[in-house]
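Colleague: Sequence:
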Amino acid sequence: MHKISNFSWFGFPISMEERFKLIKAAGFDHQIPGAGTIAWSTLMKKIKQTGYTGAIALKVDGKFPLGGQTPEKFLKKAFAAVQKLCQ
1 MHKISNFSWF GFPISMEERF KLIKAAGFDH QIPGAGTIAW STLMKKIKQT GYTGAIALKV
61 DGKFPLGGQT PEKFLKKAFA AVQKLCQ
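Residues in the sequence shown are numbered consecutively from 1, following the numbering used here.
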């Protein structure tokens, strides 16, 4: 198991809850990567530096407009954004 210590990222608290293996970015909007305020490439580099090779789950909240997109189109866009993160 790889451990990430608690740290602050751009002033927001980031914590590793070891029991659930969860990195929680408190205070961020929950949009797809590239649409929100999180610098995902920076965060992914930090995670890789720990040696972690497990799964990563991203939460996309429904509190924002889909911009007239169908749910299917939105999910395709979200999936493409996540695939880009994993390159």
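Some hints could be false.
Claimed, not checked - Straight-line Cα separation of at most 25 Å, PhoX-like style, residue types lysine-lysine; simulated pairs: (1) K45 / K59; (2) K46 / K59; (3) K46 / K84; (4) K48 / K59.
Hints are computed from structural coordinates only; laboratory data are not their basis.
Colleague: It remains to establish, for every hint, whether it holds in the given structure.
Modeller: Each hint, compared with the structure:
Pair hint K45 plus K59 holds up; C-alpha atoms about 19 Å apart against a cutoff of 25 Å. Of the supplied pair hints, the one linking K46 and K59 holds, its CA atoms being roughly 19 Å apart against a limit of 25 Å. Distance check on the hinted pair: K46 and K84 sit about 16 Å apart at the alpha-carbon level, within 25 Å; holds. Of the supplied pair hints, the one linking K48 and K59 holds, its CA atoms being roughly 19 Å apart against a limit of 25 Å.
Hint compliance for this structure: no hint is broken.
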